[in-house]
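Asks: Here are the chains, one letter per residue:
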Amino acid sequence: MNSPYKMADLGPVRPPGFFQRIYSVWFRHIRVYTRHLISNGFPPFVEPLMFLAGIGLGLGSYVGLIEGNTYIMFLASGIIVPSAMFTATYECTFGSFIRLEFDKVYDGMISASLTVKDMFIGEILFAGTKGFFFSGAVLTVVAAFGLVESGMAVFTPFIGFVTGMMFAALALFVTSFVRNINHFNFFFTGLITPMFFFSGIVFPLDNLPEFARWLAAVFPLMHAVRLVRAFFFNSFDPWLFFNLAYMILFTVLFGGMAIKRLRRRIVN
Amino acid sequence: MQELAVKATNVHKTYGSLTAVNQLSFEVPIGICFGFLGPNGAGKTTMMKMLFGKTGRDGSRGGEISVFGYDPKDRALEIKFFTGIVSQEDNLDQELSVFQNLMIYSRFYALPGKQARHFIDNVLAFMELSDKKEFQIRQLSGGMKRRLLIARALLNNPRLLILDEPTTGLDPQVRHVIWDKLRDLKTQGVTILLTTHYMEEAFQICDDLIIMNKGEKVMQGPPAQLIDTYIEKYVLELLHTGDKAAIPAGEGVRAEIMNSRVLLYADDFETIRQISDRFRAGDFILRQSNLEDVFLKITGRKLHE
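Line by line, the protein sequences are chains H and U. Counting in our numbering, the first sequence runs from 1 upward without gaps. Counting in our numbering, the second sequence runs from 1001 upward without gaps.
In silico BS3-like pairs for lysine-lysine, Cα to Cα no more than 27 Å straight-line:
1. U:Lys1145 - U:Lys1186
2. U:Lys1217 - U:Lys1233
3. U:Lys1186 - H:Lys6
4. H:Lys104 - U:Lys1133
5. U:Lys1145 - U:Lys1133
6. H:Lys104 - U:Lys1132
7. U:Lys1217 - U:Lys1073
8. H:Lys104 - U:Lys1145
9. U:Lys1073 - H:Lys6
10. U:Lys1133 - U:Lys1186
11. H:Lys104 - U:Lys1181
12. U:Lys1073 - H:Lys104
13. U:Lys1217 - H:Lys6
14. U:Lys1132 - U:Lys1181
15. U:Lys1073 - H:Lys117
16. U:Lys1073 - H:Lys260
These are computed hints drawn from the structure, not numbers from a lab.
Could you put together the complete structure from these sequences and hints?
Replies: Take a look at the structure:
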């Protein structure tokens, strides 16, 4: 096409860099979350309280020592990390779905100088941050019960951070398939809840048949529980490197697939 | 030599077997308001979305898009940095107040806090929303939300503004305010692209426009010129015509017969006035033709969905 016009030149255009963009997304989520700090901050403190009081003290008196610890100690060390799993999973299933389909938050964000990748990496980091604080909240309650013996326990919220990111990646991957919000029930009932019961949190896996132990190792939560217990009891073994590697690999793999699939849903 | 803000050449987009945009080409000089008109499903929104990478164009047909020299295929980030986008749907952050919406959004552009506050005050004042600054989104009316969406799009001092049906569903007052603001922006040198199916809107604010139908460009030109070129100057609308056979046509008069009305078109006013004399007042409307007449003539009167 022969045109009498030439393209205008705007001079240098410098959109914000990658880390700045991710930070801005993370900040958006933090901002929204902390608007309702009281109602949002309530559950992570109260739930472990009920767990420890109801199951730890109540049921614990019928249970003997586990790996040399009382049952309430075993349980206390176990419940630090699932709070990170649950909060990240809720955030990136129902939360993300609502942002995607009902509130159109992603459509609004993507109209600014952000990419789909920025949005979801920022979101995964936010879920990790929530995981950090939720684990920290549980740790605080556990400490208030006088159940913390090693100073190394202060590092457990960092495992909560990695756990939050890992489950955010998985949840976003699931969300990328979901067209009807009720379908998340399959994910929660079919995967998240059983994982809570079969990852060595409420009872040790050692007495399970071998195939069940292998099965538990396939699912991500068990690895997080092992890491948290290591810091909680200050007792480390070389297998923990494998556990950490599993979590990181899982996050990158599912996060990458989720972003790829969600991009196709948002950019069409 | 005049400069271009946007240039599209043979742009094509298909969804499965549906062709949304078919070999569309156009050029938008800097500083004008350029409109896309067409019935629902004509491909207007798809075309808009392709400009900033919200929708990818078909690569196999070799179409090209340049927005101030940037191709949305791989430089959407740059395009979105200097382009304000107002989509058809309200996508404000329901969980935040008016001010927080804008504050969060300014961070997506990495505006420093102090500057952001200053810009926010400016865009709110410009869109006449200053007194709504602390409102929650759900407290806003449809017109306020739309104005806020435009304010948000203006935050980063855009050189290009893309609006997808900016006044659909709004009351006349709000529509006129928005048109005024868009004219203002144009005088400030902002290039505006908008889609609409309000002919009045296109006529009021567009310097140049494309009428699209089924993904294709049907015609292009300034609104007044389109009316001049494609339709007779005057229209006589006959209402309650019982006996359609008795419709007087004649030299220089074109008749369009519909269910309950007959439309007569002519370039000569005297001819058509004389016809109107045969009817009682209230049974006819005699008026100048408008863009809507052109639009309906070109795209047909049948429903498109």
